[in-house]
Amino acid sequence: MPAVLFSLLIVISCQADPEKETTATDFEVVTVADGLDNPWGMTWLPDGRMLVTELSGRILVIENDQYSGKEISGVPEVYHNNQGGLLDIQLHPDYENNGWIYFSFAKPGDEGGSTAIMRAKLEGDNLVEKELIYESFPKTRSGVHFGSRIDFKDGYIFFTVGERGEMDNAQSVGNPFGKVHRLHDNGDVPEDNPFVKIPDAEHSIWSYGHRNPQGMQFHPQTGELWAHEHGPKGGDELNIVKKAKNYGWPEISYGIDYDGSIITDETEKEGMMQPVHYWDPSIAPCGMTFVSSEHYPEWKNNILMGSLKFQYLNRVVLDENGKYVKEEKLLEGIGRVRHVAESPEGYIYVAVEGPGKIVKLMPKK
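FYI, in the UniProt record's numbering the residues of the sequence shown are 1 to 365.
Everything labelled a hint here was simulated from the structure, so no lab data went into it. Do not take every clue at face value.
Unchecked claim - Listed next, the in silico DSS-like pairs over lysine-lysine satisfying Cα-Cα at most 30 Å (straight line):
1. K242 with K153
2. K243 with K326
3. K360 with K323
4. K309 with K245
5. K329 with K357
6. K269 with K357
7. K242 with K269
8. K243 with K269
9. K269 with K300
10. K360 with K326
11. K245 with K357
12. K70 with K121
13. K233 with K323
14. K139 with K121
15. K326 with K153
16. K153 with K121
17. K233 with K245
18. K309 with K233
19. K153 with K139
20. K329 with K300
21. K139 with K233
22. K323 with K153
23. K197 with K245
Claimed, not checked - Cβ-Cβ distance ranges computed for the label pairs, FRET-style:
24. K323 with E96: 47 to 53 Å
25. K243 with G174: 37 to 43 Å
26. Q221 with N186: 26 to 32 Å
27. K329 with K197: 45 to 51 Å
Just so it is clear, CB atoms sit at the ideal spot from N, CA and C, and this is done for glycine as well.
Using the sequences plus the hints, can you model the full thing?
Spelled out as structure tokens, the structure:
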């Protein structure tokens, strides 16, 4: 498939010095795959091939920045209902030694679907040695708020589960919904998780009071876990996720319900965390990456995230203390940006739905 190129002129500023005069930079946006069905997650194998999940349940293979129609077989059945389906995909940090690929998906059952985490290995282009290491219960026929992003640190897997459209789920540690979870990479519960000594609690919970987090990553310099989540009508949040902390939903919120009714009059409450930043109106954030590459020096340690609602790539500038400074709209009108990721070679790739495609941001020499 021939690459489709067009140029975009953007204005960017240095993360370390937000007041610095801006610099104009040309880069090309290269379409590496199109005609896709809601691409959701992206990761790269050591041989350079990119794996892309589609919500409908396929894992696609992109080689040398071209998609020839090849896909991975052996993918488990998914609960493909509205926001449910095949979601994130990540390699274990020690993949070259253990071969584990992890993915999140909506797992079907008699009572509907639930967010689950599976790991597997590749034998040729087929998934083998599949192990289900986590499944949220109870299942529900709701088609909304599954989460679910994955990241790793120090032998642990962290992942998000949305509150499945039932607001009160998020405030109870007795269910898995509206939470960030932490497990050993084999699915075992760590003994130092915050709620392991509470008999009726979900022992995998790391933090709670979330609505529907669809972007999460560890900061490459500070090691802090950052996540953003969808608010209702207004009130999308960017948070630093900390052990045992309550992020407030739905007891506090900067948004209102979709019908205009008031969910809560409170935006702050003792014992509940405040976001680093919130959006009103909502941008519907999805996917995120911290930029660490030398290919985009002016973006170092900025966050890139998608806007589903307004169909652009959002660049969030932070200062050296992790405080929000400003943001910039990139690729306006490209479509609903579902995910953004930095490849091992340091290039930015963006997954877009409607129309479904993957594009690469190529800095000009």
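How the hints compare with the structure:
1. K242 with K153: Measuring from Cα to Cα gives roughly 14 Å; hence the hint holds.
2. K243 with K326: Cα-Cα ~27 Å, so holds.
3. K360 with K323: Measuring from Cα to Cα gives roughly 28 Å; hence the hint holds.
4. K309 with K245: holds, 29 Å
5. K329 with K357: holds, 19 Å
6. K269 with K357: violated, 42 Å
7. K242 with K269: holds, 17 Å
8. K243 with K269: Answer holds: K243 to K269 is near 18 Å, not above 30 Å.
9. K269 with K300: violated, 34 Å
10. K360 with K326: This hinted pair holds, its Cα atoms lying about 24 Å apart.
11. K245 with K357: violated, 37 Å
12. K70 with K121: Judged against 30 Å, a Cα distance of about 17 Å means the pair holds.
13. K233 with K323: With a Cα-Cα distance of about 24 Å, the restraint between K233 and K323 holds, given a limit of 30 Å.
14. K139 with K121: holds, 27 Å
15. K326 with K153: holds, 28 Å
16. K153 with K121: It holds: about 20 Å lies between the C-alpha atoms, which stays within 30 Å.
17. K233 with K245: The hint holds at about 24 Å.
18. K309 with K233: holds, 11 Å
19. K153 with K139: Roughly 28 Å between the alpha carbons, so the hint for K153 and K139 holds.
20. K329 with K300: It holds: about 17 Å lies between the C-alpha atoms, which stays within 30 Å.
21. K139 with K233: Judged against 30 Å, a Cα distance of about 26 Å means the pair holds.
22. K323 with K153: Given pair K323, K153 holds - Cα atoms ~23 Å apart, limit 30 Å.
23. K197 with K245: holds, 16 Å
24. K323 with E96: 47 to 53 Å: About 37 Å separates the Cβ atoms of K323 and E96, which means 47 to 53 Å is violated.
25. K243 with G174: 37 to 43 Å: violated, 18 Å
26. Q221 with N186: 26 to 32 Å: Hint holds: Cβ distance 28 Å, inside 26 to 32 Å.
27. K329 with K197: 45 to 51 Å: With Cβ atoms ~46 Å apart, the hint holds.
Hints 6, 9, 11, 24 and 25 from the earlier list are contradicted by this structure; the remaining hints agree with it.
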